[in-house]
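Produce the complete structure using the sequences and hints provided.
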Amino acid sequence: MLAEYGYVLMFLAIGCVFTAVTLLVAGLLRPNRPSPEKLMTYECGEEPVGSAWIQYNHRFYVIALMFLVFEVEVVLLFPWATVFQDMGWYAFWAMIVFVSLIFIGFLYELGKGALQWDKPQPQIPRYVEGVGVVPHHWKPESEVADVVGQPAANVSGSTQDTATE
Amino acid sequence: MELSAFLFYFFALLIIGSAAIMVFSKNIVHSAFALMFTLAGLAAFYALLYAGFVAVTQLLVYVGGILVIVLFGVMLTTRGYFEKIKTRTVHLLPAALFSMAIAIILITVFLSTEWILAPLEEEVFTVQGIGELLMTDYMLPFQVVGVLLLLAIIGAVLMATRVAGEEEPPSASG
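For the protein sequence lines, the chains are H and W, in the order given. Per the numbering used here, residue 1 is the first one in the first sequence, and the count goes up by one each step. Per the numbering used here, residue 1 is the first one in the second sequence, and the count goes up by one each step.
Hint data in this document are derived by calculation from the structure and do not stem from the laboratory. Careful: at least some of the hints might be erroneous.
Claimed, not checked - From the derived model, a few chain H residues whose C-beta atoms are all more than 12 Å from chain W:
no., residue
1, Y5
2, T22
3, L24
4, A26
5, P31
6, P34
7, S35
8, L39
9, M40
10, Y42
11, E43
12, T82
13, K112
14, G130
15, G132
16, E141
Said to hold, decoys possible - Pair by pair, the computed Cβ-Cβ distance ranges are:
no., chain 1, residue 1, chain 2, residue 2, range
17, W, I104, H, L107, 44 to 54 Å
18, W, L49, H, I104, 32 to 42 Å
19, H, M10, W, A19, 42 to 52 Å
Unchecked claim - Here's a subset of chain W near chain H, in silico, CB distances under 10 Å, partners left out:
no., residue
20, L7
21, Y50
22, G73
23, I104
24, T108
25, L111
26, T126
27, L133
28, M139
29, Q143
30, L149
31, A152
32, A160
Virtual Cβ for every residue (Gly too), placed ideally from N, Cα, C.
Okay, structure coming up:
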């Protein structure tokens with residue numbers, strides 16, 4: 001009937017049943033005396049602050065996209081690998097062409113620096129003659145006063161973005 | 001009931017149930033995880049049809065890859081992740097009419113088609129056949145897939161570098 005997939009199915013079923021039974025038996029046997037310390041994420045060590053559901057860094061997204069591309073490549077390598085020995089050099093060079101296409105993309109990516117984890121520049125306060133120590137985005141009043149119609153959005157706005165990194 | 005029929009209905013129930021949770025859940029992360037069960041159930045369907053390679057591809061690419069992308073997309077959006085999304089009904093009448101039309105078309109097609117019920121050939125290892133076909137008849141589509149993946153990489157890189165360009169802090173040296 002389902003022949004080979006039977007093993008996969010059995011594995012799946014045993015995994016589910018084993019987990020469920022273990023949790024159920026443990027739930028029946030253990031004493032239930034919760035305390036705030038026990039209910040914490042880490043019972044000893046670091047105290048968690050805030051929610052674990054935070055906004056992730058967008059740089060992970062690019063890596064996830066790359067992962068997907070190379071995963072599709074690997075999936076296509078599997079059927080090739082089963083017939084590679086019978087077909088000889090023809091299959092070998094065909095796969096070389098295929099892999100090198102993606103390798104060109106990989107080189108392009110490395111060249112563009114898309115995988116580099118560019119850190120935001122440190123924003124160091126500086127010293128201005130006659131004023132004192134000021135934040136890095138500080139500007140003399142004469143410059144700020146020049147642009148009355150256009151508020152200094154590109155200065156303060158973008159620096160706030162980088163400051164929250 | 002035969003085991004394969006039982007499995008079919010079990011996974012069908014799993015797919016429909018998780019798809020309903022995905023649509024109706026107010027928490028977008030719960031929706032994403034319900035989608036995982038829908039996609040995995042679909043992989044089980046492929047396995048029931050003895051399409052082993054498609055089943056594995058479904059698991060690897062959709063459950064392992066696309067779902068991660070979806071979750072990242074959810075986690076990267078500033079709003080909508082922290083707030084509960086509103087699942088409310090808008091445009092009730094047009095939506096109902098449209099769904100009814102699609103349902104009628106689908107049911108008519110289902111009833112009017114003469115389904116060919118051939119016994120399933122129990123060929124477990126389809127991967128080898130796929131490999132032979134990829135290396136002979138479907139060589140050109142295979143290489144076109146390579147070009148497509150290359151384009152995907154370039155697109156992702158262009159997106160990434162634009163995001164990085166926006167981030168450059170204004171000249172801090174002064």
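Status of the hints after comparison with the structure:
A cut-off of 12 Å between C-beta atoms contradicts the statement that Y5 (chain H) is not in contact with chain W; the least separation is 5 Å. At roughly 21 Å, the least C-beta separation between T22 (chain H) and chain W is larger than 12 Å, which holds for a residue marked as non-interface. At roughly 21 Å from the closest C-beta of chain W, the C-beta of L24 (chain H) stays outside 12 Å, upholding its exclusion from the interface. The claim that A26 (chain H) lies off the interface holds: its Cβ sits roughly 24 Å from the closest Cβ of chain W, which is beyond the 12 Å cut-off.
The non-interface label for P31 (chain H) is consistent with chain W: the shortest C-beta to C-beta separation is roughly 31 Å, beyond 12 Å. With a least CB separation of 24 Å from chain W, P34 (chain H) remains clear of the 12 Å interface cut-off, as annotated. At the 12 Å boundary, the C-beta of S35 (chain H) stays outside the reach of chain W, the nearest C-beta of that chain being 28 Å off. Distance to chain W confirms L39 (chain H) as a non-interface residue, since its nearest Cβ pair spans about 21 Å, more than 12 Å.
Under the 12 Å C-beta cut-off, the non-interface status given to M40 (chain H) relative to chain W holds; the minimum distance is some 21 Å. Taking the minimum C-beta to C-beta distance to chain W, about 22 Å, the non-interface status of Y42 (chain H) holds against the 12 Å cut. Once the 12 Å rule is applied to beta carbons, E43 (chain H) is consistent with being away from chain W; the minimum gap is 25 Å. For T82 (chain H), the shortest C-beta to C-beta distance to chain W comes to about 5 Å, within the 12 Å cut-off, and the non-interface label is violated.
With a least CB separation of 5 Å from chain W, K112 (chain H) falls inside the 12 Å interface cut-off, contrary to its annotation. Non-interface status of G130 (chain H) relative to chain W is upheld: no Cβ of that chain comes within 12 Å, the nearest being about 15 Å off. Listed as outside the interface, G132 (chain H) is consistent with that label: its C-beta sits roughly 15 Å from the nearest C-beta of chain W, beyond the 12 Å cut-off. Listed as outside the interface, E141 (chain H) is consistent with that label: its C-beta sits roughly 15 Å from the nearest C-beta of chain W, beyond the 12 Å cut-off.
Judged by the Cβ atoms, the range 44 to 54 Å given for I104 (chain W) and L107 (chain H) holds: they are separated by roughly 53 Å. Taking the beta carbon of each, L49 (chain W) and I104 (chain H) are about 37 Å apart, inside 32 to 42 Å as hinted. Our hint of 42 to 52 Å for M10 (chain H) and A19 (chain W) is violated, since their Cβ atoms are close to 26 Å apart. Evaluation of the L7 (chain W) hint against chain H yields a held restraint, the C-beta minimum of about 7 Å falling below 10 Å.
Checking Y50 (chain W) against chain H: minimum C-beta separation of about 8 Å stays under 10 Å; hint holds. At a threshold of 10 Å, the smallest CB-CB gap from G73 (chain W) to chain H is about 8 Å, leaving the interface hint in force. With its C-beta approaching chain H no nearer than about 36 Å, I104 (chain W) sits outside the 10 Å limit, and its interface hint is violated. Contact between T108 (chain W) and chain H, as hinted, is not supported at the beta carbon level, the nearest pair being about 33 Å apart and thus beyond 10 Å.
Interface hint at L111 (chain W): violated, since its Cβ lies 29 Å from the closest Cβ of chain H, which is beyond the 10 Å cut-off. Taking 10 Å as the C-beta cut-off, the interface hint given for T126 (chain W) holds, the closest approach to chain H being about 9 Å. Taking 10 Å as the C-beta cut-off, the interface hint given for L133 (chain W) holds, the closest approach to chain H being about 8 Å. Given hint, M139 (chain W) at the interface with chain H, holds; its Cβ is 6 Å from that chain's nearest Cβ, closer than 10 Å.
At a threshold of 10 Å, the smallest CB-CB gap from Q143 (chain W) to chain H is about 6 Å, leaving the interface hint in force. Restraint check, L149 (chain W) versus chain H: the minimum CB separation of about 5 Å is within 10 Å; hint holds. At its closest, the beta carbon of A152 (chain W) sits 5 Å from a beta carbon of chain H; the interface hint therefore holds under the 10 Å criterion. This hint holds: A160 (chain W) has a C-beta 4 Å from the nearest C-beta of chain H, less than the 10 Å allowed.
Going through the hint list in order, the structure does not satisfy hints 1, 12, 13, 19, 23, 24, 25.
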